[in-house]
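Assemble the complex: chain E is given as a structure, and chain Z must be docked to it using the hints.
Given next are the chains, with one letter for each unit.
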Amino acid sequence: MKFSYNFFRDYVSRLPKPEKLAELLTQHSFEVEEVKKTGGDFLLSIDILPNRAPDCFSHFGVAREIAAITKSTLKPLLVRGLISNKLKTRDYVSVDIRDKKACPRYTAKVLTDVKVGSSPKWLKDRLRVCGLNPINNIVDIANYVMLETGQPLHAFDGQKLEGKKIIVRFAKNREKIVTLDEQKFDLNPDVLVIADIKKPIAIAGLKGGKIPEIDKKTKIVVLESANFNPRVIRKSSRKLNLKTDASLRFEHGIDSNLTELAISRAAYLIQKIAGGKIAQGLIDIYTKKSYPKRIRLDYGYLIRLLGIKIERKEVKSILTKLGFKIIKEKFPNLIVEVPTWRLDVSIPEDLIEEIGRIYDYEKIPATFPIAALIPAKRNLNAFWEDMTKNILKEAGFTEVYNYSFISEDEVKIFNNENLIELENPMSKEQKYLRSSLIPNLLKNVQKNQKSFNKIRIFELGKIFGLKIKEKRQLAGLISGDDFYRLKGVMDLLLNKLGISNIWYDEHQPTPGQSKKALWHAKKCAEIKVDNKEIGFLGEISPRILQSLKIANKVVVFDLGFDKLQKLASEEHEYMSLSKFPSAVRDLAVLVPRGTKVVQVLNKINAAGGKLIRDIDLFDIYEGEELPQGKKNLAFHIIYQAKDRTLKSKEVDEIHQKIIKALEKDPTWQIRK
Amino acid sequence: MTLKTLKIEAEKAIEKARDLKVLNNAFKKYLGKKSELTRILRSLEKLPKAKRVKVGKEANTLKNSLRIQFDKKARELKEKAQKETEEKEWIDVTVPGKRPVLGHLHPLTLVKRKAEEIFQAMGFTVIQGPEMENEWYNFDALNIPKDHPARDLWDTFYLKNGLLLRTHTSPVQIRFMEKNQPPLRIIVPGRIFRHEATDASHETNFYQLEGLMVSEQVSAANFKAIIEEFFQRFFEKPVKIRLIPSFFPFVEPGFQVDMTCLNCEGKGCPACSRTGWLEMMGAGMVHPNVLRAAGLNPKNWQGFAFGMGIDRLAMMKYKINDIRLFYSGDLRFLQQF
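If you read the sequences in order, they're chains E and Z.
With the numbering used here applied, the first sequence corresponds to residues 1 to 672, in that order.
With the numbering used here applied, the second sequence corresponds to residues 1 to 337, in that order.
Ranges of calculated distance between the beta carbons of each label pair, as one might list FRET restraints: (1) E/469 - Z/216: 33 to 41 angstroms; (2) Z/162 - E/190: 19 to 27 angstroms; (3) Z/332 - E/488: 24 to 32 angstroms; (4) Z/71 - E/623: 55 to 63 angstroms; (5) Z/42 - E/650: 55 to 63 angstroms; (6) Z/217 - E/331: 16 to 24 angstroms; (7) Z/78 - E/596: 58 to 66 angstroms; (8) E/648 - Z/71: 40 to 48 angstroms; (9) E/374 - Z/153: 31 to 39 angstroms.
Note that these hints are calculated values from the structure, not bench results.
In this text, a Cβ means the ideal position worked out from N, Cα and C, and glycines have one as well.
So that you can see chain E by itself, here it is in the shape it has in the complex (with noise of 0.2 angstroms):
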């Protein structure tokens, strides 16, 4: 928000240069982001906190800020004006509260004779300086009178009233206002207004109306002054898609005492700038009259809260200098009375907040708790995601982290089902939840295919649905390799992991699944141990691969991570090695193409027993040297006991059983 120097100096006496202004501000009160010369004056921005705007969304708030920082004098404002006794408020203009929640208090001044013209320079200069236009006197005294003491006013010409009548109510379907600066609003039960007995006059809280405005001939003032419930206002604001100095005060709420404050310091101003009579009486409609609060303050809690101690008497007098009261103090207890202006104050702990940094946050010395000597807890998800993350980066996989959104043309390609919408998305890019995060692992590899042949990433985050609601999923891929290196992949991060019986499974698709699958049909398999599926490892269908314009093959697997994670160990047992010399012997096989090679691997481990140590596939072949329809596959058999060396004869045996064992598959033969 702007504020002017100048302004301030009216309240504060030996008020601090600028610059040291704006430092003492920030480090007491508010972050001030700027400070600017500007002709005369000096414009700051300060950062006033929301809690905080109910007494310095204005220049005399952040004036009494200024004195308790500095320990000067704060200057009250001049409110006395000259009443005529002949004249009598009621008699210009009566008021009618139809909703007393919706305004608590509403108070209302009359001038007459006022000579209606432009500001004399001062105020001008100040106006601008904060951002407002000028426009004639009495409507520049009344935005004036808002700076300084945040209280917002209007001002209506008295002669323009129908039936001097002023009515505040909830504005009635198709009503309708036009606004000083000739904006057309539409009405509705929600908006509250300002109305004569026939006609809405203002917008109450935000903007008043063309009708009763004033101008060059105006000779009587009806001055309000009023106290309007914020969500009211915020309501009406929202509604009407409206934002004014004056409605972004009221949303935060003000102090229902002030109204009186502000109309009388008006008209004193109206009548030193643009004479005139102030008439005797001030309407005044105050329902629930607000007091002040009472708090009790333990001197001990602040010292122990803060970890400083502050002296009691300087304790009191920053607590009077921001215009609270000590009523009793009994130690180690302070009664303490809050000013209603104060709206954030009312626990000690606001108290304290008030002396901390009035004192200086920056004397308060760092100084380390004293604490059991309890060792932080290892925490197990931390400690698997941290694992997993690190197998995968020593394989090569380079970690990414995607948006948790997903749009709504990937939701088309990839057929997602059980999704999360969002109910305010910022794009059709993140209209929805992932509820997998391969389609935006997917995207990477279309972004980064043009500098990178080979692509190896993973994810390890969340994904979310309908069903599922929220859950944790690790994710991979490679492009420019295939299924098997993966699958070897797979193999290392779960044994790393502490988790053997590890097999794959071939997926059986549903017919209806394999319309619009996302796994090629016949390179995709579950990934199991023992009998639990925990993922998926395949190639992603062409289809989806042509859609999103990805060029090489992508193979990608999908776990589940709380699964996995219940599955992991940090057991590891180390196995004794034989001071025995190992045999290899050399088999290979020719079978249908279809034959699996883990069949020949079981009957070669049935046929073979304890002495088989090892049984390594090296090489997978199918080609035009042999017979139609059949693949050879040769193995390397490593043969060991543990308890003496094998002679020759003996693993000679050993081979020639497996061989007969293969051989009783009569589709099967073995190569010699």
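Frame of chain E, contents of chain Z only:
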């Protein structure tokens, strides 16, 4: 041939040998089984005793001397040959090396880990919480009532299932205190969301690190010490912090925490708008209403809470000027970490 001429001839042959092969042939010729010297030594027994002793002595001396000379020459030639081979095997050391293909962790992961490590060393346990929240945990329990202008401080994504995306990690304060009695020390790193237009310093999702310490008497002075220690360890510089007044409904008093500018060390420069300070986080003493909402009696407990942007820490640490890079998936960026 006399031993004398033999000596002259052999020494000449050693001298002349230019490679090991030639030297080897000369060795065979002069000291080999079929050489003249061997023949002389073998024929010694046929000689009379007196002559035998004399010739034998001379022949053996010659044999030893030649052997030494052959060995010496052989060593020389070997060294020379090795040198020549090495010469031929010259490589250009300025040719780029072959790097192993390693993966990369995301910069936010690295920064999060570093922050976690520092806080864990001070006894703060890492806690996580849901990204999808309800209004109670995200707002009401944190002393941010409905229809209050304070709610406008958080631009919120609402969901059609009646929930919202958490706008801060603070809801985890409540969730944790509901289930755990103080004294407690936790940090909560996590993804949060803001309904804001994106630019170089704003994103719709980003990361926050929340901290909470509650006990019978934790003070603002304690907060200062903990947080100063954190920044000093994180930036590995003797930075200072200052607290200035700020407002967050869930703390009272509320602070904005500034740190001395890393660039100018507090002297004032364009990076800190010439103030010498950088705004680092929001913090404060836990509001009694928050303790109450979590089922604790504010008469018995007090504490501090803070929240800082992990993205911002990473941007400062690595001098990154655009927050959107973190979520771009751009490998040219990610593979620098």
